[in-house]
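Model the full assembly from the supplied sequences, consistent with the hints where possible.
For reference, each letter of the sequence shown is one residue, going 1 to 131 in the UniProt record's numbering.
A portion of the hints provided could be inaccurate.
Said to hold, decoys possible - Ranges between beta-carbon positions, derived for each pair: (1) G81 - E25: 19 to 25 Å; (2) G72 - T102: 17 to 23 Å; (3) V115 - F68: 18 to 24 Å; (4) P60 - G22: 31 to 37 Å; (5) D85 - S112: 41 to 47 Å; (6) A14 - V115: 52 to 58 Å; (7) G70 - E113: 46 to 52 Å; (8) Q9 - A95: 56 to 62 Å; (9) A16 - P93: 41 to 47 Å.
Think of the hints as simulated: they come from the structure by calculation, not from any bench.
Quick caveat: nothing in here was measured; it's all calculated off a predicted structure.
Glycine is no exception: its CB is placed at the ideal position from the N, C-alpha and C atoms.
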Amino acid sequence: MRDYLVRAQPTTTALAATQLVGLRESGKSWERRMGELLLGAGREGRAKQPRNPDLGKAVPGGEIYLSFPGLGDRLAARIAGEIGDCIEQFDTPNALQCYAGTAPVTRRSGRSELVIARRLAHNRYLGVAVR
1 MRDYLVRAQP
11 TTTALAATQL
21 VGLRESGKSW
31 ERRMGELLLG
41 AGREGRAKQP
51 RNPDLGKAVP
61 GGEIYLSFPG
71 LGDRLAARIA
81 GEIGDCIEQF
91 DTPNALQCYA
101 GTAPVTRRSG
111 RSELVIARRL
121 AHNRYLGVAV
131 R
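This is how it looks when you write it as structure tokens:
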């Protein structure tokens, strides 16, 4: 154990532990709230869809963001915030990848072929969210 933890007063250690538990709980409630904003209503338990959604309060395309593999409520809300209400502006998934800066670019020269992700002209904040 670290020596500063041994020297710490029990009340100090208990206070720090209480604050850490509070931070964890507030993070969970924040993620839950982001899911509610995307779908327009709260979900119960581990359900993917709410029982009584209010589509007037939902973010357009919120269920699409939550359906992406590997995206939880927090990242889905972040991506929805970066893209905005007009997800229809992207005709194809590749157009959205280009906007995020994650679309692969193939460079061919003679016998060599190199596939890279080009990150020059893109939404920087969206690119950070999907990395």
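How the hints compare with the structure:
As the Cβ distance of G81 to E25 is approximately 23 Å, the hint placing it in 19 to 25 Å holds. For the pair G72 and T102, the supplied restraint of 17 to 23 Å holds, since their beta-carbon distance comes to about 18 Å. For the pair V115 and F68, the beta carbons lie near 22 Å from each other, so the given range of 18 to 24 Å is met. Taken as a hint, the range 31 to 37 Å holds for the pair P60 and G22, whose Cβ atoms sit roughly 34 Å apart.
Between D85 and S112 the Cβ separation comes to about 43 Å, which falls inside the hinted range of 41 to 47 Å. Separation of A14 from V115 is about 54 Å and conforms to the stated range, judged on CB atoms against 52 to 58 Å. Against the hinted window of 46 to 52 Å, the Cβ-Cβ separation of G70 and E113 comes to about 28 Å, which falls outside the hint. Between Q9 and A95 the beta carbon distance is about 58 Å. The supplied range of 56 to 62 Å therefore holds.
About 45 Å separates the C-beta atoms of A16 and P93, a value consistent with the hinted range of 41 to 47 Å.
Hint 7 from the earlier list is the only one contradicted by this structure; the remaining hints agree with it.
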